[in-house]
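Chemist: Protein sequence lines correspond, in order, to chains A, B and C.
If you use the working numbering, the first sequence closes out at 387, no skipped numbers anywhere.
If you use the working numbering, the second sequence closes out at 352, no skipped numbers anywhere.
If you use the working numbering, the third sequence closes out at 324, no skipped numbers anywhere.
It cannot be assumed that every hint is accurate.
[Stated by the list, open to error] Listed next, the stretches of chain A that the computed footprint assigns to chain B, with coverage defined by at least 3 CB atoms under 8 Å from CB atoms of chain B: (1) 77-87; (2) 98-112; (3) 232-241; (4) 340-348.
These are calculated hints, taken from the structure and not from any lab test.
We put the beta carbon where it would ideally sit given N, CA and C, even for glycine.
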Amino acid sequence: MAELAAVVGIGQTKYQTKRIDVSIAGLVREAAMNALNDAGLVWDDIDAVILGKAPDMFEGVVMPELYLTDALGCNGKPMIRVHTAGSVGGSTAIVAASHVQSGVFKRVLTVTFEKQSESNAMWALSNPQPFSPHLNAGAGGYFAPIIREYIRRSNAPYDAGIKVAVKDRLHALKNPLAHLQLKDISMEMVEASPMLWDPLRFLESCPSSDGACAMVIAHEDLVDESPGKPAWIQGAAMRSEPTMYAGREQVSPHAGRDCAKDVYAQAGITDPRKDFDCAEVYVPFSWYEPMWLENLGFAEPGKGWELTMSGATSLDEGGDIPWNCSGGVLSSNAIGASGMIRFAEAARQVRGSAEDHQVEGAKKALGHAYGGGAQFYAMWVVGSEKH
Amino acid sequence: MQDVAIVSFVQSDCVRYAGAQNEVELIMPVVQAALKEAGLSSVQDVDFTCSGSCDYQQGAAFAFVAGVDALGAVPPIKESHVEMDAAWALYESWLKIQMGQAESALIYGFGKSSPGELSNVLSLQLDPYYLAPLGVDTISLAAMQARSLLEAGEVSEADLAEVVVNSRANAKNNPHAQLSGDFTVDQLLAEPEMVSPLRKHDCCPISDGAAAMVICTVEKAKAMGKPYAVIKGIDHRIETHHVTLRDLSRSPSVEIAAEKAGVHDAPVDVAEIYAPFSHQEIIVKRALGLDDSVVINPSGGVLAGHLFMASGLSRVGEVAKRIIAGEYKRGVAHATSGPCLQQNMILVLESM
Amino acid sequence: MSLENGSATGQQVEVLSQKFTLGFTYTRSTGPIVGRFLSSLRDGKMVGVKGSDGRVIVPPVEYDPVTAEALIEFVDVADTGEVVNWCWVAKPTEHHPLSHPFAWGMIKLDGADTPILHAIDTQGDASQMKTGMKVRVRWIDQAQGNIKDIVCFEPGDSSSGNIPRHDFEEPVVMMDAPTYLDYNYTAGNATARYLHQIRKGKIVGQKAPGGEFVYVPPRGSCPATGVATTEEVECADVATVESFTIVHIPIPGNPIKPPYVVANLLADGADVSFIHLLSEVDNDAVEIGMRVKAVWKPEEEWGYAMDNIRFWKPLDTESDKGGQ
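Isolated chain A, as found in the complex (with noise of 0.2 Å):
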C-alpha cells in the first residue's frame, strides 16, 4: 500500500512576460530554493529532483534536466523529467509523490517551469510540419470549435466566457504573483478586446509568462521537520487518451471524467462541490470553465454556466465552491509549470497559506492540470487531515 506523503514546501517565481534578470537556472532555482526555504530544508534534505516542463523548442535546450542539475542540488542525486504537454505541471507532482508514496524516498524536490520568453509560444508549440497545412490556429484556434459546440449544447449565454475571464483577473488582483494585473478589468472591458478566434477573445485568453513553479513533497515520518502546516496528498490520478478518434467526446473529454472519478474514489469524495472547498483547475480559455465544471462533476451537463454565472465560483462574490482563487492560468501561463501552480496553489489553501486569496478554513482543494487536445489529464485531492 502507498506511503502517505505530504507538500511541506511550495515556492514559486513572480510571473511576467519576460523573466531578463535570470538565466534559465537562475529562473527554476528562485522557485526551487523559495520551496525549501518555506520547508525549512537545506539541499541535503532532498533525496532526489523531479522536473517537468512543456516542449523543449520553448528555450532550445534539449532535456535540460541536465543542465539544470547543478542549480538543482541534484548532482550525485536521482534526477528524472516528466513531459505530459499541458498537464505536464501536475503529472510531475503526481510523479513526485509516488517517490515518496512508494517508500523508496524520504523527500523530494519537484520543480516545473517554462521560460516562454527565449522564444515565441506560437511558434514552439507548433512549428510548420511537411505536408501539413499551416493554419496558424494555435491552441485557441484549436479549442475555439469546441467552445462552440458547448455554447450550442448548452444553450449558455454568450457572456458566461467574459464572466469567468473578469471573475479570474479579480483573483489575481489578491495574489502578488500572478501575472496580468488587470486593475481596471471589467465585462465590459473583456468584450471590448478584440476577438481572436470567434468565440475567444484576447482577455478570454491565457498570457504567456516566464516562471517556476516547485514543492518539496515529504513522507509521513518527515513532515513533522517542517515548520508549516502540511498539504496530505489525498488522491492523485492520470488519465490519456488518443488526440483524434472516430466518436470522441470533445467538449467533455472521457479522460478528464475518469480521471475525477478516480481521484474522488482515492479521497472519498462524492459530491465535489459539497466537499471541496475550492478548486485550481487548468483553464487556459475562458469558457473552459463552466465545460470543466461539468467535466469534473460540480455541475450537471449543460450546467456549468449556470454555477459561473450565479458568482458561485468566484472569492469576491463569495461563491461556495471559488475556483482558480490564485488567478489560474488565465492570470498566469508558464506553460510547463502552470499545472504544478494549480496543484500547489490548491495546497496552498489546506496549508492556510493562500494569503489575500485564501478561501477561509479550507480543509480540501482539487489540483487539476490538462494537456494535448485535452486528452491528458492530471488530477490531485489534497487536505489539511491525512484522510
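Once you have looked at the hints, place chains B and C on chain A.
Modeler: Using the frame of chain A, we list chains B and C on its own:
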C-alpha cells in the same frame, strides 16, 4: 522494496533509415508483440503505461502524443511520459508498482533519428550560454573523454578496438543489430581517426526503431504462468553538467547507483552497458566493479545498434530475456543520458 | 522475441520526404553570473568565479557543482593558458566555429583551476596539438558580449595584445542564440498513401481491417484500437461542418485575409473530422451542420498536400443542405 517481474521485451530492428514508417507505425508492432508475449490482449490489460522519447529527434513538439495513437487507449488509460530514455519510463512504472497503484505496466521507447542529425541535436543538450552557441558536439566531447582515459595510461587504443571487436562479434547473434561481423583489433586500428582519438567504429551507429516491455508484480507473473526475470535493484544518479568540472575518466554516478542497486551483493554473470562510444564501456565496467569473468554486451550493445531514447530500455530487455531463457542467473543493465555519461541508471536482474 | 520492421504497417508505398529547418533566434537573458562573464569578454577580459572549495572556475558557473551554493566571488584570470585535453575535428560541420580542421580543447587559463572548453586553431595542423601546450585567446574584432567573442584559442604563450577595449556602460543581460537544425521529414506509410491519393485529387480515408471507423487524414493507426489502418475507403470532397472558429490572426503567406473561418470538417464517408479553411461564405452565415464542398486548386498545382484544396465553400443547391 518488492521484487518486480519483467515478463516480456520486444524491440524492432535497428535500421539507419526506417523509411515510410512514422513513430506510430514504429511503435504499434513492438507494443502489440510485447503485450502478446506477456499473454495480454491489449493495453487495457495493464494498469499503467509509460514511454520515453525526445521531441527534437523528429523536430516537432509533442512527439509522444502520436505515441498514444499506437496503443488503443480507448477507454482512456493511466499513462505518463518522460522526455528521457525509456529506462526512466521503466523507473516511473516501477515506482507505481512499489506504491501499490499498479500491478502491471507497459513501457515503451521510440526514436526515429534519421530525419535529423543526432550529433547536432544533442549539441543542444549542452550549456545554452557557453557551449551550445559554439556548436560543441557530443562526439567531440566523447573524444576528449577517451583522451582523458588514454592519457591516464591505463587504457590503450587497442583496448578501445577490442570493445568494438567484441560488440560486432556478439551482434552476429542479434537479429536486430545494425552492425555485426568478424574484425580484428589490428584491422580496426588501421582505420583513420574521425574525431581523434576516436575512430568511426568507436562511435555507435544511429538507428530508427522502438522497444517495448511489460512488467508486473511477481504474484501477477506467477498467476500468468509466464517465465520472468526479477528486478532486484534499480537506482539512477546524475552528475554536474559542466564537463570541464568532471573527471571524465571515471563515473561516480555509476558507482553510487551500482552500490544502491546492490550490484556487489552477489556475483554478476552478464551486463548490458549503454555505451555509445567504445571507451565508455570500459569506464562503466570499471565503475560497476565487474571483472573479466562477466559477459559484457552479449547483444552487441549500442555500438551494434542505437535506438536513441530506447537503448536504455533495450539494455534491460536484453539482460532480462537472457535470464528468462536460462542463460544467466544474475545480470546488470545500464542506461545513460547526457554528454559523457552525465546521468546513469543501474538495474540488477535475477532469475525467478 | 523477434520482429521485422514494418511487419504491421501494410502496403508498401513510394517514400515521400521533405526537408525543413527547425530554427529560431532565441533571446536568452543571462542572469548576473553568466552576464558578468560575457560583459568581461566584451571588454577583452577573462573572469572566473570562486567555488565553495576555493577553486577558480572559468567560465563562471552560477552554482557550485558540489555544494549547490550560489557563487558570487569573481576572480580575474589571464587570456593565456595550457591545454589539458583536446580532440581533433578533421571534418568540421557548419555548426562549428571554424571551417577548416581544428581542435576542441579544454584550456586551463593562467589563474584558473578548472578549464574552459573552446576551439583551438592550429591552421589545420593536427601535429601541433599536444596536451600541455600553451595557447592564448584570439579575440573577435567587434565584441558583442557572447562566448563567440573568443573566436578560438591559438598557440602562443603570451597574450596576443589584440584585445578589444570598449567602454560599455551597461552590463550584458541578453544574448542572441540563433539555433537552426535541418531535418528531412519522411511521411509514414499511412500518410504517404493518403498523400498519393490527394496528389490525384482524391480524398481516400483509411480504416483498420475489421474496424468500422474511417480516418481522414489517416495517421497510421485507428487510435481507439491501436491497429494499423491498412484498408482504404474513398470519401467524397463534400463535408459537414462539425464546428468552426473565425480566426482574426493572419496566416503568413496565405492570400486569405482575416477574419477567416477554420472549420472542423467531416467528409462524407469519414468518421473523424479534419481542420480546413472555409471561404466564399459570409462568416456570420457559417453554422454547425452546414454542408460544404472542396474548392480544389488547378490540377497542375496539385502536390502531396491537403492544400491542394484551397478551401471549402457551401454547397450550392438547396437540396444538398441540411447535413447527414
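Chemist: Does the stretch 340-348 of chain A contain three or more residues whose Cβ lies closer than 8 Å to a Cβ of chain B?
Modeler: violated (count 0)
Chemist: Examine the stretch 232-241 of chain A: at least three residues should have C-beta closer than 8 Å to a C-beta of chain B.
Modeler: holds (count 5)
Chemist: Tell me if chain B covers the stretch 77-87 of chain A under the three-residue, 8 Å CB rule, please?
Modeler: holds (count 9)
Chemist: Under a C-beta cut-off of less than 8 Å, do 3 or more residues of the stretch 98-112 of chain A approach chain B closely enough to confirm the stated coverage?
Modeler: Check passed, 6 qualifying residues.
Of the hints listed earlier, the one the structure fails to meet is number 4.
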